[in-house]
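Student: Protein sequence lines correspond, in order, to chains E and H.
According to the numbering used here, the first sequence is numbered sequentially starting from 1.
According to the numbering used here, the second sequence is numbered sequentially starting from 1.
FYI, nobody ran anything at the bench for these hints, they're computed from the structure.
The beta carbon of each residue, even a glycine, is placed where N, CA and C say it ideally should be.
Just to be clear, a hint being listed does not mean it is correct.
[To be verified] Coverage of chain E stretches by chain H, computed from C-beta distances (three or more under 8 Å per stretch; other residues unrestricted): (1) 19-26; (2) 241-248; (3) 287-295.
[Said to hold, decoys possible] Derived Cβ-Cβ restraints for the label pairs, each shown as a range: (4) H:Asp182 <-> E:Trp7: 34 to 44 Å; (5) E:Val370 <-> H:Pro116: 29 to 39 Å; (6) E:Met283 <-> H:Asp62: 53 to 63 Å; (7) H:Lys140 <-> E:His13: 13 to 23 Å; (8) E:Met283 <-> H:Arg83: 40 to 50 Å; (9) E:Val370 <-> H:Ala120: 34 to 44 Å; (10) H:Ala230 <-> E:His13: 34 to 44 Å; (11) H:Ala120 <-> E:Trp7: 15 to 25 Å; (12) H:Ala120 <-> E:Arg8: 41 to 51 Å.
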Amino acid sequence: MILHLVWRNLMAHKLRSFLTFGAIVLAVFLICFLRAAVRTLQGGVEAASSQRLMVQSAVSLFQNLPLGYETKMRGVEGVERICKWQWFGGIYRDRSNFFAQFGIDAGTFRESYRDVDIVEGSYDDFQATKNACIIGKGLAASYGWRVGDDVPLIGTIFPKQDGSEWRFLVKGIYDSRTAVIDDNTLFFHFDMLKDAIDAGTANGPQGVGVYMLEVAPTAAPEGVMAAVDALFENGPQRVQTTTEAEFNRQFVTMLGGVPTLLGAVGIAVVFAIFFAALNTMLMAARERTRSNGILKAMGFSDDFVFRAMLFESLFLALAGGLVGIGLVKLIEEPVAQSIGRAIGGFRVEPSTMGFGVLLALVIGIAAGIVPALLARRLRPVEALRSAA
Amino acid sequence: MTEVLIDLEGVCRSYERGNETLRVLDHLDLQMERATFYSLMGPSGSGKTTLLNLIGGLDQADAGKLVVAGEDLSQLSKSELARWRADNVGFVFQGFNLLPVLTAIENVEMPLLLTPLSKARRREQAAFALELVGLGDRMKHRPRELSGGQEQRVAIARAIASDPTLILADEPTGDLDRASADQVLALLQRLNQELQKTILMVTHDPVAAEHASAIVHLDKGRLGSIEETARGRSLREASVT
Numbered sequence: 001m002i003l004h005l006v007w008r009n010l011m012a013h014k015l016r017s018f019l020t021f022g023a024i025v026l027a028v029f030l031i032c033f034l035r036a037a038v039r040t041l042q043g044g045v046e047a048a049s050s051q052r053l054m055v056q057s058a059v060s061l062f063q064n065l066p067l068g069y070e071t072k073m074r075g076v077e078g079v080e081r082i083c084k085w086q087w088f089g090g091i092y093r094d095r096s097n098f099f100a101q102f103g104i105d106a107g108t109f110r111e112s113y114r115d116v117d118i119v120e121g122s123y124d125d126f127q128a129t130k131n132a133c134i135i136g137k138g139l140a141a142s143y144g145w146r147v148g149d150d151v152p153l154i155g156t157i158f159p160k161q162d163g164s165e166w167r168f169l170v171k172g173i174y175d176s177r178t179a180v181i182d183d184n185t186l187f188f189h190f191d192m193l194k195d196a197i198d199a200g201t202a203n204g205p206q207g208v209g210v211y212m213l214e215v216a217p218t219a220a221p222e223g224v225m226a227a228v229d230a231l232f233e234n235g236p237q238r239v240q241t242t243t244e245a246e247f248n249r250q251f252v253t254m255l256g257g258v259p260t261l262l263g264a265v266g267i268a269v270v271f272a273i274f275f276a277a278l279n280t281m282l283m284a285a286r287e288r289t290r291s292n293g294i295l296k297a298m299g300f301s302d303d304f305v306f307r308a309m310l311f312e313s314l315f316l317a318l319a320g321g322l323v324g325i326g327l328v329k330l331i332e333e334p335v336a337q338s339i340g341r342a343i344g345g346f347r348v349e350p351s352t353m354g355f356g357v358l359l360a361l362v363i364g365i366a367a368g369i370v371p372a373l374l375a376r377r378l379r380p381v382e383a384l385r386s387a388a
Numbered sequence: 001m002t003e004v005l006i007d008l009e010g011v012c013r014s015y016e017r018g019n020e021t022l023r024v025l026d027h028l029d030l031q032m033e034r035a036t037f038y039s040l041m042g043p044s045g046s047g048k049t050t051l052l053n054l055i056g057g058l059d060q061a062d063a064g065k066l067v068v069a070g071e072d073l074s075q076l077s078k079s080e081l082a083r084w085r086a087d088n089v090g091f092v093f094q095g096f097n098l099l100p101v102l103t104a105i106e107n108v109e110m111p112l113l114l115t116p117l118s119k120a121r122r123r124e125q126a127a128f129a130l131e132l133v134g135l136g137d138r139m140k141h142r143p144r145e146l147s148g149g150q151e152q153r154v155a156i157a158r159a160i161a162s163d164p165t166l167i168l169a170d171e172p173t174g175d176l177d178r179a180s181a182d183q184v185l186a187l188l189q190r191l192n193q194e195l196q197k198t199i200l201m202v203t204h205d206p207v208a209a210e211h212a213s214a215i216v217h218l219d220k221g222r223l224g225s226i227e228e229t230a231r232g233r234s235l236r237e238a239s240v241t
């Protein structure tokens, strides 16, 4: 009956209840969306492995390192595996079709990134075929590419001498279980790139963009980092060795204060909605003075009246929150599809949905507690007198 | 031998109005019998509604002893008073005071939520109360869809739904036309006569007051007089013969 009464009270002012409900839907939707976006941006940082180190030029990320560094770094104690990473920056048909492509060492990549599963095709086929590539399942879904397809890319950093396209044969489609590798990337053989430059059939910078060093489980990453940095202290090109998390964080930092801004916008929205909900509940409590007085005169306890008022606020907030979460979940896939090639891995995680529910609860309680306490404290004689 | 249901001894109640203390009830001594219909009259400010609120457990006296239905109300906590009200008192107000968002039968069912009755039994009892006040065909109507007289009859049905000992009515006919007022007063008489309810009705209307068995006159917070009405006399004579 208490829920029935709460429902009837809400329905007594349909427009007001609907507007408040709508405001909460919007708030929870926005907060969950922003949180999912921020977590997407920071996903690579959080999922990073402490056993993987990234070696880049101390001057700039865009300055390649000499190929010969690989051999020297193999001699550093604690280095177990090395994988070269080279940003390719090719264009598929049109500049708007942006997605990441990297030349990697196929031999070590699989061992170093064990969270990457081949779901179609075969990694061995990829490894055995020089002009092959593997693509993320998101990329495959976006362009309808399948194993056996040829992916033509126009080189911008590494243009072909004759102006033709690079062609990569899809030998595998992967699914990544970690945000470090997203599902919208194309990986091909670094050696294919190197050989083309060496042969003069393609132009572009020599060397390697970044070296990934996998540290042995028994070795201390800090020691390896210091040793590698010290190794090239006197050139020919100084390096900067960081953890994978730190390396990934610099890309988030490149976005400037975007995550902070998103967070600030979210907090502002929550406060605005909280005041709207509080206003609604205070209005409801004032209108309900007489009804609450009647209930108390009939013998209903102060706690019953308190609960009825609080339930009203909670019901409105929770219903709004759940719809807001539902909406975010509904647009999750389209958003992931549309921004996924630029910022991979947009996901509304269960923790974000939980956060949305918690937020709705907090709004509901915060907006309802004062009116509920006022209703609880109300003396029936005064309530009935004011009504008269 | 008649039984005393309401017993007041030296009851005082004051209110603070700005810097002034207003004594509304001043050492009031009064006894009222069970199954009797009383009218409570007096000039404005004589303490009628305050007395009604004290007897109904909506308010508590500053001093004195107030025993209603065997319970010393001054000894009860707020929550105990609420429970006591639910068990013993039905209220009828001048402004009807129905919950506007509920239908007539839902309004009548409300006090039954405080009883251990099942949902079906509650519905049945609420329907019976509405039938009793002649509104069996208005059960699904909201208060705004009813006339003033009908609203007050729903309020009376609500007051008797949980079968309380005492019905307290504060100007129940104050907002009604004569015909509706007569219907309500006749209904209160029936509840007193047929269901043996003790009724205490505050009124300014001498015609309404005559529907009771006795009229209690208050004056400046003290008992003025208790006067037997024609109805009271005839009931007493009938009971003697």
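Student: What hint numbers does the structure not satisfy?
Tutor: 1, 2, 6, 8, 10, 12
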